[in-house]
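Chemist: Heads up: the protein sequence lines correspond to chains A and B, in order. Just so you know, the first sequence maps onto residues 1 to 242 in our numbering. Just so you know, the second sequence maps onto residues 1 to 426 in our numbering.
Keep in mind that the hints were calculated from the coordinates and are not lab data. If you're wondering where the values come from, they're calculated on a predicted model, not measured in any experiment. Hints may contain errors.
[What the hints assert, rightly or not] Covered stretches of chain A (chain B as the covering partner; in silico rule of three or more C-beta atoms under 8 Å from a C-beta of chain B):
1. 45-56
2. 68-81
3. 104-116
[Claimed, not checked] Listing some non-contacts, in silico: residues in chain B with all C-beta distances to chain A over 12 Å:
4. Leu4
5. Tyr284
6. Thr332
[What the hints assert, rightly or not] Result set (DSSO-like, lysine-lysine): computed pairs, CA atoms no more than 27 Å apart in a straight line:
7. Lys156/A - Lys219/A
8. Lys80/A - Lys239/B
9. Lys93/A - Lys228/B
10. Lys319/B - Lys93/A
11. Lys80/A - Lys184/A
12. Lys80/A - Lys228/B
13. Lys80/A - Lys225/B
14. Lys24/A - Lys219/A
15. Lys179/B - Lys93/B
16. Lys139/A - Lys322/B
17. Lys239/B - Lys119/A
18. Lys24/A - Lys404/B
19. Lys228/B - Lys119/A
20. Lys239/B - Lys156/A
21. Lys73/A - Lys404/B
22. Lys73/A - Lys239/B
23. Lys184/A - Lys111/A
24. Lys111/A - Lys239/B
25. Lys80/A - Lys119/A
26. Lys319/B - Lys139/A
27. Lys225/B - Lys239/B
28. Lys156/A - Lys228/B
29. Lys80/A - Lys404/B
30. Lys24/A - Lys213/A
31. Lys225/B - Lys139/A
32. Lys139/A - Lys228/B
Note that CB positions come from ideal geometry on N, CA and C, so glycine has one too.
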Amino acid sequence: MAICMAAVDVRNLVKRYGSMDAVKGISFSINEGEIFGLIGPNGAGKTTTLRVLSTLLSINGGSVTILGHDLSKHAAEIRKLISYLPEDAGAYKNLSGRAYLQFIANFFDPKEAPAMVTKGIEITDLGVRIDDRVDTYSKGMMRRLLVGRALMTNPKLAILDEPTSGLDVINAQEIRKLVKTTAKSGTTVLLSSHNMLEVEYLCDRIALISEGKIVEEGKPKTLMEKYNARNIEEVFIRTVHE
Amino acid sequence: MSGLGNITKKEIRELLTPATFVPIILVALIFATMGNSIQGIQEQATEPPTIGIINEDNSSFGAIASTLLHTHAKSVYNSTSIDDLQNGLQTVKERNGVAVIIIPRNFTERIMQEQPGIFQVYWIMKGAGLMDTISSSAVESLIAFINMNISKELIEQNSTVNASFVLSPIQRSETTYFKNREFIGISPNTISGMLSSQSLLIPIVMMMIIIMAGGIVITSMALEKENKTLETLLTLPVKRTSIVSGKIIAAAFIGLILAVIYMIGMQFYFSGFQFSTGVNLGTYGLVLTTGDFLWIGMSLFLALIAGLSLCMLLGTFAKNYKSAQTLTFPITMLAMIPMFITMFADFDTLPLALKIFTFAIPFSHPMMAPRALLFHDYTMVIGGIIYVAIFALVTISIVVWVFKTDRLLTGTTKFKWLKGLKRRRF
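With the hints as extra help, turn the sequences into a complete structure.
Modeler: Have a look at this one:
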């Protein structure tokens with residue numbers, strides 16, 4: 001049996017904004033190639049956790065190790081290995097979709113940049129509109145461009161905050177399939193979502209977070225059996241409110 | 001609550017933010033400081049000018065001139081021999097005076113022969129700003145007043161006197177001492193006028209570059225936040241220093257292009273109504289060499305980098321495009337203040353507080369450099385360049401530090417040392 005190395009290891013993570021504790025000592029780990037979902041209501045600490053893991057925010061306590069690198073000491077190394085898609089991200093409005101993907105690819109290995117852009121264009125599936133200015137895109141087109149941007153760099157760890165936010169059913173479905181395919185090719189995925197069906201479909205394991213604490217963690221099927229629930233939504237309501 | 005009241009209350013609450021008031025309060029404080037300093041200079045100017053008088057002419061017109069000079073000016077040196085000129089100049093200089101006036105031996109005699117009596121005026125010029133020449137203007141007015149009184153006297157004595165002579169019975173022979181140089185035949189006002197026209201372009205161009213390029217940097221930071229692109233940028237494998245430097249270099253490049261376009265326009269504007277004073281600065285050795293232009297270029301470039309790094313720091317406070325517009329205001333003021341100061345007064349003649357304030361503004365240095373270089377004051381120019389370089393380095397380091405903290409995204413910064421201090425205190 002192959003030993004799975006933890007791609008992400010979070011131990012007693014604490015993050016404060018002034019006097020408010022946004023994250024209160026959470027711990028979890030994600031195996032390589034796994035899709036891990038962080039589920040919780042608004043203000044539970046999901047986005048803060050993802051921002052910390054994306055090297056955007058410093059931590060007030062605990063430790064975070066990503067792909068063998070200590071977050072507090074080697075943030076620059078971690079940035080070479082991860083890709084982060086914020087929930088309400090935007091793109092440079094004066095650039096075309098293609099120019100935006102090119103701009104991002106230029107931060108990586110120059111030899112791989114053309115292939116990255118080709119992959120990004122393929123993921124976005126924007127057709128001829130890829131050469132139009134970003135400020136002419138609809139919300140759905142913009143989100144596809146950003147998902148393409150996040151996944152085209154072949155990250156070891158993709159951190160996706162509400163990846164299907166604002167997308168219609170068809171576009172959301174396409175993105176979910178894309179995330180699955182990406183994970184199969186070896187990328188570890190950490191995502192947050194409000195959409196319980198999406199979580200059930202996508203994630204190998206989930207952690208339910210409420211008021212800055214992880215209240216339950218495990219495989220969706222196991223958790224549904226444990227709480228005798230028909231879906232993750234029911235599990236979530238029982239763990240948070242009962 | 002009525003609809004109007006409800007909307008008004010909401011709008012006031014939105015507008016009553018530190019971002020709205022802090023820049024205006026700062027500007028008000030700057031204006032108050034400037035006003036106090038200028039008031040001090042004005043009060044100084046309303047006092048009678050301090051002069052030295054050497055009267056070699058004991059006859060009637062010499063006596064009239066001497067009496068009027070004593071009445072309307074503060075005489076700190078009196079003599080009856082031109083041999084005492086150097087002593088007179090030394091005393092007047094020490095007493096912060098403006099000129100030594102010599103009434104020569106043949107003054108009355110020449111006037112009686114219907115030839116203009118010559119006042120020999122030795123000016124001690126302290127600065128080349130508009131405010132610096134107030135005292136010399138007062139002496140010029142006093143000489144005009146003496147001229148008028150002698151005219152009256154001549155008419156009373158002899159009604160058939162030559163009309164064209166009687167209007168100007170006095171002429172001036174002038175020598176000006178300024179920054180250890182002797183300018184024979186010209187007055188402080190002429191020198192000030194020449195230097196102002198020579199060094200007006202750089203302050204205006206500097207001010208315009210800073211306003212334009214500074215606006216670009218602040219707006220760029222605000223748009224990164226407003227368009228939600230900053231978070232993505234900060235998670236990419238790029239150094240914070242590169243992000244900061246890249247934004248500054250791009251803005252400096254655009255700023256310089258704008259400056260060139262602006263300078264071309266300004267050159268045409270100035271050439272449209274420039275008039276010659278008939279005096280060539282080169283005659284007095286006041287010429288900028290190629291090396292001097294390199295110093296000015298270096299000073300200008302560093303001030304631009306310092307200014308843009310300051311804008312970048314302000315830009316980290318900008319939440320959106322609207323707040324960015326407010327934040328460009330203090331930078332605009334910081335660029336305009338040294339321009340007006342250098343126009344109105346010489347750095348050397350400023351009160352100490354204003355001198356420190358002017359030196360502290362990085363944009364002052366390229367504005368003051370051309371005049372300083374004309375008089376070979378390299379200490380001032382090189383000192384300024386070193387100061388501006390340090391200012392730019394420190395500001396860039398602070399910006400990079402801000403980029404490494406949470407402040408950019410959350411608006412708060414974690415000060416470990418402050419926390420430790422609070423723990424110890426309580």
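Chemist: If a hint holds in the structure, say so; if it does not, say that too.
Modeler: We went through each hint and held it up to the structure:
Using a Cβ-Cβ cut-off of 8 Å, 4 residues of the region 45-56 of chain A lie near chain B, which meets the minimum of three, so the contact claim holds. With a cut-off of 8 Å between beta carbons, the region 68-81 of chain A has 3 residues touching chain B; three or more are needed, and the interface restraint holds. Figure legend: the region 104-116 of chain A, annotated as covered by chain B; annotation consistent (3 residues with Cβ-Cβ distances under 8 Å, at least 3 required). At roughly 33 Å from the closest C-beta of chain A, the C-beta of Leu4/B stays outside 12 Å, upholding its exclusion from the interface.
Once the 12 Å rule is applied to beta carbons, Tyr284/B is consistent with being away from chain A; the minimum gap is 53 Å. Every CB of chain A lies more than 12 Å from the CB of Thr332/B, the least distance being 25 Å, so the non-interface label holds. The straight-line distance between the Cα atoms of Lys156/A and Lys219/A is roughly 22 Å, inside the 27 Å bound, and the hint therefore holds. As the CA atoms of Lys80/A and Lys239/B are separated by approximately 11 Å, the hinted pair is consistent with the 27 Å bound.
As the CA atoms of Lys93/A and Lys228/B are separated by approximately 11 Å, the hinted pair is consistent with the 27 Å bound. This hinted pair checks out: Lys319/B and Lys93/A have alpha carbons roughly 18 Å apart, not beyond 27 Å. As the CA atoms of Lys80/A and Lys184/A are separated by approximately 21 Å, the hinted pair is consistent with the 27 Å bound. About 21 Å separates the Cα atoms of Lys80/A and Lys228/B, which keeps this hinted pair within 27 Å; it holds.
For the hint pairing Lys80/A with Lys225/B, the CA-to-CA distance comes to about 23 Å; that is within 27 Å, so the pair holds. Distance hint between Lys24/A and Lys219/A is fulfilled; the C-alpha atoms sit about 23 Å from each other, no more than 27 Å. Distance hint between Lys179/B and Lys93/B is fulfilled; the C-alpha atoms sit about 12 Å from each other, no more than 27 Å. With a CA separation close to 24 Å, the supplied pair Lys139/A and Lys322/B stays within the 27 Å bound.
Between Lys239/B and Lys119/A, the direct Cα distance comes to roughly 25 Å. Compliance with the 27 Å bound is thereby established for this hinted pair. For the given pair, Lys24/A sits about 23 Å from Lys404/B by alpha-carbon distance, which is consistent with the 27 Å threshold. In summary, the hint linking Lys228/B to Lys119/A is supported, as the alpha carbons are separated by about 23 Å, within the 27 Å threshold. For the suggested pair Lys239/B and Lys156/A, the alpha carbons sit about 20 Å apart, so the restraint of at most 27 Å is met.
As the CA atoms of Lys73/A and Lys404/B are separated by approximately 13 Å, the hinted pair is consistent with the 27 Å bound. Taking the CA atoms of Lys73/A and Lys239/B, the gap is about 15 Å. The hint holds against a cut of 27 Å. For a cut-off of 27 Å, the pair hint linking Lys184/A to Lys111/A stands: about 24 Å separates their Cα positions. Between Lys111/A and Lys239/B the alpha-carbon distance is near 20 Å, which keeps this suggested pair within the 27 Å criterion.
Taking the CA atoms of Lys80/A and Lys119/A, the gap is near 18 Å; set against the 27 Å cutoff, the hint holds. Between Lys319/B and Lys139/A the CA atoms are separated by roughly 22 Å; this keeps the pair inside 27 Å, and the hint holds. Only pairs whose Cα atoms come within 27 Å are accepted, and Lys225/B paired with Lys239/B is accepted, the gap being roughly 18 Å. Pair hint Lys156/A plus Lys228/B holds up; C-alpha atoms about 24 Å apart against a cutoff of 27 Å.
Distance hint between Lys80/A and Lys404/B is fulfilled; the C-alpha atoms sit about 17 Å from each other, no more than 27 Å. Between Lys24/A and Lys213/A, the direct Cα distance comes to roughly 6 Å. Compliance with the 27 Å bound is thereby established for this hinted pair. Among the hinted pairs, Lys225/B with Lys139/A is consistent with the structure: their alpha-carbon atoms are about 18 Å apart, no more than 27 Å. With a C-alpha separation of about 14 Å, the suggested pair Lys139/A and Lys228/B falls inside the 27 Å cut-off, and the hint holds.
Hint check: no violations occur; every hint is consistent with the structure.
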